[in-house]
Amino acid sequence: MAEQNPKFISIEGISRRYPKREGGVTTIFEDLWLQVARGEFVCIIGHSGCGKTSVLNILSGLEAPTDGAVIVDGQAIEGPSLDRAVIFQGHALLPWKSVMGNVAYAVSSRWRRAGKAEVEERARRFIDLVGLKGSEMKKPAELSGGMRQRVGIARALSIEPKILLMDEPFSALDALTRGTLQDEVRRICTRTGQTVVMITHDVDEAIYLADKIVLMTNGPEAQIAEVVENPLPKDRARDSVHRAADYYPLRNHLVDFLVSRSRTFRDDKPAGYDPRHPPVVRIGTGAPAADIAPAPALAAGAP
Amino acid sequence: MKSLGVRAGILSVVLFFAFCLVWQIAVTPSASSGPALDPEYAKLMGITTAGAQSAMPGPVEVAGKLWDALKDPFYDNGPNDKGLGLQLAYSIGRVAIGYGLAVLVAVPLGFLIGMSALAYRALDPFIQVLKPISPLAWMPLALYTIKDSNLSAIFVIFICSVWPMLLNTAFGVGAVRKEWLNVARTLEVGPWRRAFTVILPAAAPTILTGMRISIGIAWLVIVAAEMLVGGTGIGYFVWNEWNNLSIANVIVGILMIGVVGMVLDLILARLQRRVTFPE
Ligand SMILES: Nc1ncnc2c1ncn2[C@@H]1O[C@H](COP(=O)(O)OP(=O)(O)OP(=O)(O)O)[C@@H](O)[C@H]1O
Ligand SMILES: [Mg+2]
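Residue numbers (the numbering used here), protein chains in the order written: chain A, 90 to 392; chain B, 6 to 284.
Treat the hints with care, since some could be wrong.
[Stated by the list, open to error] Cβ-to-Cβ under 8 Å is the rule here; a few derived chain A residues that face chain B:
| id | residue |
| --- | --- |
| 1 | Ser-149 |
| 2 | Leu-151 |
| 3 | Pro-169 |
| 4 | Ser-170 |
| 5 | Ala-174 |
| 6 | Val-175 |
| 7 | Phe-177 |
| 8 | Ala-181 |
| 9 | Leu-183 |
| 10 | Trp-185 |
| 11 | Trp-200 |
| 12 | Lys-222 |
| 13 | Ser-224 |
| 14 | Ala-230 |
[Said to hold, decoys possible] Computed list of lysine-lysine pairs in DSS-like fashion (alpha-carbon distance at most 30 Å, straight line):
| id | chain 1 | residue 1 | chain 2 | residue 2 |
| --- | --- | --- | --- | --- |
| 15 | B | Lys-152 | A | Lys-186 |
| 16 | A | Lys-227 | B | Lys-183 |
| 17 | B | Lys-76 | A | Lys-251 |
| 18 | A | Lys-228 | B | Lys-183 |
| 19 | A | Lys-109 | B | Lys-76 |
| 20 | B | Lys-7 | A | Lys-205 |
Rather than coming from a laboratory, the hints here were simulated on the basis of the structure.
Even glycine gets a Cβ: it sits at the ideal position worked out from N, Cα and C.
Take the sequences, apply the hints, and build the full model.
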C-alpha cells in the first residue's frame, strides 16, 4: 500500500449539542479527536444513541459540528463532497430509477460532461463488481434487501471517492447475506486501498473488516474511550479468522467494553486520559503500538 | 369458469338492459289511465303530441337522438343549433385552457411553497380562505372585470382547478424523503438538477393526484358555468335543449358529459400510474 499519511482524516475536537426542550442544551458528544490514515479501514462501535451517526454525518458534510472541525487531506470539510461517498443505513436508493439509473445518476454527477454511453459503461462495471449483472433494469422494489444494499455499494464506489463512509450498512440483513457482502466489501476495499470509516453494532464485523476499531462510550457526552488496533493479519479469511490466536482476546476486549466499560468509562478514566490522544490499544501477542498513551488497565489484564 | 372480468362485463350488460326495460315500461302510458287525459295534459304542457306519447322520452327515442347527434356531430346552423361534438369541443377547449393555465401556475408555485416552510406558513391562510369558495361565485367578478363571457368561463375553470394542484404539489414537495435529498447533496447535485431529478419524480404521484382531482372539478364546473354564460358549450347545449323542452336531447347531453368526464379521468389516471413508483 502507498505510504500512509497518518492524518488523512483528522477529526479535531468536534462536538454536537442539541437544545433541550425544557431549555439548556444536551451534549451528545464533545471534544472528539481521531485520526485516520489513507487506506485505513476504521470501524466505530458504540451503543445505540451515543452519536455514531452524528459523527458520520459530520464526516460526510451533511451536518456541521457544533464546535470543532474535520480536516480531510489538508482541507476543512464545509459540506458534502463527491470525494466522500456515503452508504446509508436505509440504502436510500431512488425508487423510481432502475439499478442502472441509480448508479448512473452518481456517475453522471461525478463526471458531468461524460456522454451517456460512457456513464452507462462505467455504471455497468460497478454493477458487475457487486454481482448484480443481469439486474440492471430492475427497480429497487424488485430487489431483495441484500441486492439493494449492493446497489448502494456500487453507487458509492462508482464515483471513486477518496473516502467511503458507511452507517451500519449491513445491520438490516440476514447473517448469510451480511457475510457475503462483508467479503465483497473487504475484497474491493483492500484491493483498491480504499479509506473507509464504518459504523457498526457488530463486534465480529468490526474484527473481520477493520484495521482500527474506535470505541465510543455511552451518550450523552460520549467520548472515544480508546482505539483498538486489530492484530489479525491483513489477509485474514472469514473461515479461519476465529482460529487466529489473537481473535478471542480481541473479541473479549470489545465485548467487555460494550457490556460494562462503555458505561463506567466516564467515572473510571485511565490515569492521564487525554481526549486529544485517545489511548491506542493493541491486544494479545503483538507488541503494543508505538504511540501508546498510558497503558489501558483492561488491555493489560487480557489473556 | 370464466374470468371475473368477463362475468362482470356480462352483468353490466344485463343491468343495462334491465334498466332500459324498466325505463321503457315507466314511460309507456298504460291503457287504463285513459287516453282522454293525455292530450289534455299535453296541451297544458304546450306540447303538440301526436297520439298517446309521454313527455318523458323512452330509451329508444334517446338512442335515436344519440344516433342523430353522433352521425353529424360538427354541423353548425347558427347559435342555437350546433352539433353535439362541436359543443363538447367548445367545453373541452375551455377546460383545456383554464386547466392548462392552472397547471402552469400551480405546479411551480406549489414547488416553491413546498420547498420553503416560510412561504408555506405565509400563504396558507390565503389558500385556506380561497379554496372553499365555489368557483361560480367568482363569475360576477370575472364578468365585471374581464367583460367577456368566454374568458370568464376560462377564468372560473382556472380558479377551481388551481387549489387542489397547488396544495398537492406543495405537500408532495415538502414530503420528499430526507434521505433522497441527502443522496443528491452527497453527490453535489445543483439545485436545478435536484429539483428535476429528485424532487419532481418523488412528488409526481402526489402532484398527479391533485391534477386528477382538479380535472374532475373543472369538468363539473364548466357545465354550470356554460349554463350561466350561454353561447356555446355542452352546458349551454343542455340548458338550450331544456328550453326547447327536448328532454331526449337533454339526456343525450347528460350522457356525453359523463362519457367525456370519464375519459378525462382515465387520461389522468394513466399518467398517474406512469409516474407512480413502488417503494
Ligand atoms: N435533531 C435532533 N435533536 C435532538 N437530539 C437529537 C437529534 N438528532 C439526534 N439526536 C440525539 O443524538 C443522539 C445521537 O444520535 P445518533 O443518531 O448519532 O446515534 P447513533 O449512535 O447513530 O445511534 P444508533 O446506533 O441507534 O444509530 C441521540 O441520543 C439522539 O437522541
Ligand atoms: Mg445511527
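Status of each hint after checking the structure:
no.: 1; hint: Ser-149; result: 6 Å, holds
no.: 2; hint: Leu-151; result: 6 Å, holds
no.: 3; hint: Pro-169; result: 5 Å, holds
no.: 4; hint: Ser-170; result: 7 Å, holds
no.: 5; hint: Ala-174; result: 7 Å, holds
no.: 6; hint: Val-175; result: 5 Å, holds
no.: 7; hint: Phe-177; result: 6 Å, holds
no.: 8; hint: Ala-181; result: 4 Å, holds
no.: 9; hint: Leu-183; result: 6 Å, holds
no.: 10; hint: Trp-185; result: 4 Å, holds
no.: 11; hint: Trp-200; result: 11 Å, violated
no.: 12; hint: Lys-222; result: 23 Å, violated
no.: 13; hint: Ser-224; result: 16 Å, violated
no.: 14; hint: Ala-230; result: 4 Å, holds
no.: 15; hint: B:Lys-152 <-> A:Lys-186; result: 49 Å, violated
no.: 16; hint: A:Lys-227 <-> B:Lys-183; result: 23 Å, holds
no.: 17; hint: B:Lys-76 <-> A:Lys-251; result: 72 Å, violated
no.: 18; hint: A:Lys-228 <-> B:Lys-183; result: 20 Å, holds
no.: 19; hint: A:Lys-109 <-> B:Lys-76; result: 75 Å, violated
no.: 20; hint: B:Lys-7 <-> A:Lys-205; result: 48 Å, violated
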